[in-house]
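A.B. asks: Taking the hints into account, I'd like the entire structure generated from these sequences.
Order-wise, the sequence lines are chains A and B. Counting from 1, one number per residue, gives the positions in the first sequence under the working numbering. Counting from 1, one number per residue, gives the positions in the second sequence under the working numbering.
I should point out that these hints are in silico values taken from the structure, not numbers from a laboratory. Take these hints with a grain of salt, some might be off.
What the hints assert, rightly or not - Straight-line distance between alpha carbons at most 30 Å, and here's what the computed DSS-like set of lysine-lysine pairs gives:
| # | chain 1 | residue 1 | chain 2 | residue 2 |
| --- | --- | --- | --- | --- |
| 1 | B | K14 | A | K109 |
| 2 | A | K113 | B | K14 |
| 3 | A | K153 | A | K109 |
What the hints assert, rightly or not - Here are the in silico distance ranges between beta carbons for each label pair:
| # | chain 1 | residue 1 | chain 2 | residue 2 | range |
| --- | --- | --- | --- | --- | --- |
| 4 | A | K112 | B | N46 | 19 to 29 Å |
| 5 | B | P11 | A | N55 | 41 to 51 Å |
| 6 | A | L152 | B | P37 | 21 to 31 Å |
| 7 | A | T22 | B | M92 | 22 to 32 Å |
| 8 | A | T22 | B | P37 | 43 to 53 Å |
| 9 | A | N18 | B | M92 | 13 to 23 Å |
Owing to the predicted nature of the structure, the values given are computational and were not obtained by experimental measurement. We put the beta carbon where it would ideally sit given N, CA and C, even for glycine.
Chain by chain, the residues run as shown.
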Amino acid sequence: MLKIARLDDRLVHGQIINNWCTSEDITEIIVINKEVANNEMRKTIIEMSVPEGINILFCDVSDAIEIYEEECKFESLMMVFGNPLEILEFIENGGRLDSLNIGGMSFKKGRKKLSTAVYVNDEELEILKKVASKNINLEIRLLPTDRSKNFLKII
Amino acid sequence: MVGIIAISHGPFSKALIKSVEMVYGKQDKVEALSLEPGESMENLKNNINEIIEEFKVNEVLIMVDLLGGTPYNASSIEMENSNINVITGLNMPMILEALLFRNETLEKMSLIVTEAGKSGIVNVAERLHNLNRFKDN
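C.D. replies: Take a look at the structure:
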């Protein structure tokens with residue numbers, strides 16, 4: 001089953017490997033990010049760091065839409081998106097999500113603070129609002145033990 | 001001389017270098033970087049690159065706190081440049097050994113530092129137990 005769909009522009013890192021994967025008993029991570037799916041070095045570096053017993057796949061949005069339902073049948077799945085646009089593309093092209101965990105958007109020029117470790121620019125905010133309007137529950141939560149904040153109540 | 005960079009989530013690496021310098025004094029071409037909450041991988045990469053440029057050395061050893069963390073992800077990308085290596089599991093024995101062997105090649109220094117990091121971890125109760133058994137025999 002799909003345990004968690006997460007937006008995190010650092011993709012797979014300490015918080016995910018050492019915390020979310022354990023608390024949610026994750027057996028497979030799908031990273032949905034075209035840029036990294038096409039970067040062998042980045043993929044290898046992440047693959048090397050994933051603990052034994054957890055599969056990791058990298059794909060773009062259209063491949064993700066093709067495979068995710070099948071993976072959900074057999075795996076305890078986590079999907080990690082690197083940016084809001086690819087989430088919107090995912091749901092506008094047939095992908096289904098009930099909820100989305102916003103787990104980290106780094107500070108960059110042009111981005112404004114939404115919450116601790118979550119920064120978005122105007123365009124990204126509009127895209128996330130669109131995602132929320134598709135009946136998807138958006139929560140901001142970095143770690144499993146953090147209090148969940150409702151995205152719509154914060155903006 | 002191999003340049004040394006320690007990187008961690010938060011203040012660990014900076015404090016560690018301070019602790020090491022308490023014992024060994026101020027060190028040349030040894031720097032620490034902290035990944036702050038909300039900091040991007042790109043920003044950390046830029047900071048790493050700045051330090052490497054300032055070092056003006058041929059080889060750099062980067063030690064990071066955690067396999068799989070953002071410091072690991074950001075610095076491992078630098079290994080596209082063959083004069084840079086990354087070791088995970090940063091601890092004090094690693095830094096101390098790195099300072100002793102930084103005039104070796106990066107490859108040899110990396111082997112020594114990795115071994116020092118591992119052998120610095122000792123379960124004292126277990127070691128005592130083994131010692132006592134040895135005495136009994």
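A.B. asks: State for each hint whether it applies.
C.D. replies: We went through each hint and held it up to the structure:
1. A distance of roughly 26 Å separates the Cα atoms of K14 (chain B) and K109 (chain A); the hinted pair therefore holds under the 30 Å criterion.
2. As the CA atoms of K113 (chain A) and K14 (chain B) are separated by approximately 26 Å, the hinted pair is consistent with the 30 Å bound.
3. For the suggested pair K153 (chain A) and K109 (chain A), the alpha carbons sit about 24 Å apart, so the restraint of at most 30 Å is met.
4. Taking the beta carbon of each, K112 (chain A) and N46 (chain B) are about 21 Å apart, inside 19 to 29 Å as hinted.
5. Against the hinted window of 41 to 51 Å, the Cβ-Cβ separation of P11 (chain B) and N55 (chain A) comes to about 34 Å, which falls outside the hint.
6. At roughly 23 Å, the beta carbons of L152 (chain A) and P37 (chain B) sit within the given window of 21 to 31 Å.
7. For the pair T22 (chain A) and M92 (chain B), the supplied restraint of 22 to 32 Å holds, since their beta-carbon distance comes to about 27 Å.
8. For T22 (chain A) and P37 (chain B), the Cβ-Cβ distance of about 21 Å falls outside the hinted range of 43 to 53 Å, so the restraint is violated.
9. Separated by about 21 Å at the C-beta atoms, N18 (chain A) and M92 (chain B) satisfy the suggested range of 13 to 23 Å.
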